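**Student:** Here is what each chain is made of, one letter per residue.
Number of protein chains: 2
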Amino acid sequence: VTLVEEVLEAIERYNLLKRKEKVILAVSGGPDSVAMLFLFLRIKEIFNLKLVCVHFNHGLRKEADEDEKFVKDLCSSLDIKFVSEKKNVKEFFKGDSLEQTARILRYDFFLKIANSLKIKKISLAHTKDDVIETVLMRIIRGTGIQGLRGILPLSKIKGKIFIRPLIEIEKKRILDWLKKEKISYQIDTTNFEDKFFRNKIRLNVLPLLEKLNPNIKDTLFNLARISSWNHNFITQIAQKELSKIKRGEGENFLIIDLEKIKDLHPFLLLQVLRLAIEEVKGNTRRLDWRHFESILKILQKKRSYLNLPGLIIEIREKKLILKSLQGVNFRYL
Amino acid sequence: VTLVEEVLEAIERYNLLKRKEKVILAVSGGPDSVAMLFLFLRIKEIFNLKLVCVHFNHGLRKEADEDEKFVKDLCSSLDIKFVSEKKNVKEFFKGDSLEQTARILRYDFFLKIANSLKIKKISLAHTKDDVIETVLMRIIRGTGIQGLRGILPLSKIKGKIFIRPLIEIEKKRILDWLKKEKISYQIDTTNFEDKFFRNKIRLNVLPLLEKLNPNIKDTLFNLARISSWNHNFITQIAQKELSKIKRGEGENFLIIDLEKIKDLHPFLLLQVLRLAIEEVKGNTRRLDWRHFESILKILQKKRSYLNLPGLIIEIREKKLILKSLQGVNFRYL
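These protein sequences, in sequence, are chains A and B.
The numbering of the first sequence is the working numbering, which starts it at 10 and goes up by one.
The numbering of the second sequence is the working numbering, which starts it at 10 and goes up by one.
Be careful, since some hints might not be right.
If several chains are the same, the list does not tell them apart, and a pair holds so long as it fits within one copy or across any two.
To be verified - Heads up, simulated SDA-like pairs for lysine to any residue below, C-alpha to C-alpha not over 20 Å straight-line:
no., residue 1, residue 2
1, Lys209, Asn222
2, Lys226, His300
3, Lys226, Leu215
4, Lys29, Lys59
5, Lys310, Glu108
6, Lys130, Ser86
7, Lys29, Glu287
8, Lys255, Phe118
9, Lys127, Lys271
10, Lys81, Ile20
11, Lys249, Asp272
12, Lys271, Ile246
13, Lys127, Lys311
14, Lys220, Asn208
15, Lys204, Leu221
16, Lys306, Asn231
17, Lys31, Lys165
Hints were generated in silico from the structure; no laboratory data involved.
Here the structure is a predicted model, which is why all the values come from computation and not from measurement.
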């Protein structure tokens with residue numbers, strides 16, 4: 010099977026593309042995103058696509074401007090519309106993680122361009138290796154089934170659809186293909202996300218696990234896939250349940266009828282709470298297992314109050330009230 | 010919190026003991042099981058328990074008879090009924106794994122004694138470390154959510170209940186306690202189960218992960234716990250669904266109405282198939298992800314036939330027929 014065929018299979022399996030779509034390609038200039046660009050050129054005719062290439066210059070490394078110029082020149086030689094933006098990430102960085110700040114600014118840029126060009130789909134060049142590393146990072150740092158999904162082939166953020174057509178392709182395969190096709194790219198240094206931790210995973214953890222199971226990459230990828238199915242199914246059930254137990258909601262609050270959740274399976278209850286928090290706060294980031302345990306504890310009480318990251322939970326008159334503490338939710342994954 | 014208190018907490022949390030119960034304690038003579046024996050002596054009065062100590066001599070190591078004598082003498086000094094059996098595991102070993110053979114013979118012995126003494130509960134000395142190592146082994150070798158549960162605090166096999174009251178205690182804590190209490194035990198060499206693999210996990214993988222997350226043991230233990238909840242909930246739903254779609258069943262076969270499973274969520278379908286196979290075959294061992302994928306594939310066909318480990322699956326006249334290939338199911342976990 011050729012690489013193009015494999016990408017087409019993934020596109021079909023996860024329903025990533027429709028005919029006659031406009032697609033924004035996020036190209037850093039590194040091997041994965043350059044391969045994605047050239048692979049899109051191969052399948053452009055099949056789907057009758059319109060392509061726009063975007064590049065976000067984080068201004069973090071000395072090669073940053075070179076990378077931008079490389080992608081710009083590449084697009085002009087391929088006759089593809091190119092849009093870029095430069096932002097010095099360090100200026101926006103407020104003691105949180107630099108990687109997280111960079112990611113937020115980058116996704117903001119992607120969404121801004123998508124909105125201004127009225128394009129719904131944004132394609133990112135994450136590979137199977139990225140999924141596997143993410144799954145391992147999550148296992149080590151702590152995660153539930155939701156986190157075990159790793160990186161999804163398709164995700165929705167603020168009305169836009171992010172697709173990842175290389176999600177089933179190993180990085181090594183991409184590098185071999187680029188070499189065979191004589192396609193040049195920039196050295197992969199933009200990859201500063203969680204650099205220390207991810208490098209440890211790639212250079213120490215994965216090689217050790219590979220000795221115990223030479224097939225470890227497929228093994229972890231399958232775990233991510235089954236976790237996705239599991240999470241998707243559970244969420245569907247929890248969503249139905251949440252709509253039954255809601256007693257009211259507004260811009261940044263939600264009220265749950267305590268009487269109606271008494272007999273729920275504890276796992277379902279947890280999932281319903283997760284969805285309720287996502288509705289109120291936009292996400293469940295910075296909430297971990299212990300936070301959920303403390304919610305379960307106050308459910309027993311008649312009157313109680315709990316301060317969680319970005320969220321207040323109150324028990325009053327047989328009602329569970331969730332209130333968001335932030336006006337705008339600013340973080341994407 | 011003292012060790013005894015922590016064990017009592019786990020007993021309450023997982024509902025492991027009732028008052029006035031008879032309990033069989035499986036004691037190898039190693040630190041964990043000797044600690045379990047002494048801990049049971051401390052809580053004996055609280056629950057008004059009757060204790061019987063059993064020891065299975067695998068005859069695999071030169072110290073095997075010494076271990077048996079040690080436990081026998083210990084029980085006689087503590088005035089506890091003692092039952093042992095010696096079997097040369099190697100004689101029963103047929104090219105399958107020696108560890109697996111030993112486990113089967115050992116559990117057979119426990120069940121035999123439980124039946125003959127009319128005792129329902131058998132207590133095993135698995136620790137938190139065993140859970141964590143098992144979870145890691147499963148992740149590395151490949152697993153779904155079911156396998157991520159690790160070792161359960163309570164499991165039912167052939168009408169008997171196996172409990173594991175030390176499941177939340179770290180091994181180090183047990184060793185410290187034994188030292189403080191001046192309790193002697195045999196060196197822990199009976200632990201030959203999956204020895205090579207488990208040792209790699211303990212000596213190489215865990216220390217590496219501990220560098221990345223000093224809290225890795227709690228992290229993995231929490232993953233096991235949330236996976237248990239998840240699996241328990243999913244199984245409950247799948248069980249209801251299976252009873253709706255069954256068209257017939259017998260000693261070693263089961264018939265499912267294909268029309269009724271068409272619209273099931275693919276994940277639920279997979280879980281229903283898992284339960285159906287467990288009913289027919291006694292377990293889903295030796296079946297992996299690819300086997301389930303091949304079942305999903307033939308569901309599309311009008312007529313088909315699939316040979317799986319220990320099981321035949323047939324599609325005929327809008328029916329899915331599952332047939333067991335083995336007369337007796339012999340394996341426990």
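**Student:** If a hint holds in the structure, say so; if it does not, say that too.
**Tutor:** Going through the hints against the structure:
1. Lys209 / Asn222: both (18 Å within a copy, 12 Å between copies)
2. Lys226 / His300: Classified as between: cross-chain Cα gap 19 Å, same-chain 32 Å, threshold 20 Å.
3. Lys226 / Leu215: both (9 Å within a copy, 19 Å between copies)
4. Lys29 / Lys59: within (7 Å within a copy, 75 Å between copies)
5. Lys310 / Glu108: neither (40 Å within a copy, 49 Å between copies)
6. Lys130 / Ser86: Cα proximity of Lys130 and Ser86: none, with 23 Å in one copy and 75 Å across.
7. Lys29 / Glu287: neither (33 Å within a copy, 47 Å between copies)
8. Lys255 / Phe118: Result: close neither inside a copy nor across copies, 35 Å intra and 53 Å inter.
9. Lys127 / Lys271: Answer is neither: 46 Å inside a copy and 38 Å across each miss the 20 Å cutoff.
10. Lys81 / Ile20: neither (26 Å within a copy, 65 Å between copies)
11. Lys249 / Asp272: Answer is both: 15 Å inside a copy and 17 Å across each meet the 20 Å cutoff.
12. Lys271 / Ile246: Close inside one copy (17 Å) and across copies (18 Å); limit 20 Å.
13. Lys127 / Lys311: neither (50 Å within a copy, 45 Å between copies)
14. Lys220 / Asn208: Both, since 18 Å and 14 Å are each at most 20 Å.
15. Lys204 / Leu221: Between copies only: 13 Å across chains, 25 Å inside a chain, cut-off 20 Å.
16. Lys306 / Asn231: between (35 Å within a copy, 17 Å between copies)
17. Lys31 / Lys165: within (16 Å within a copy, 56 Å between copies)
Hint compliance for this structure: hints 5, 6, 7, 8, 9, 10, 13 are not met, and every other hint is.
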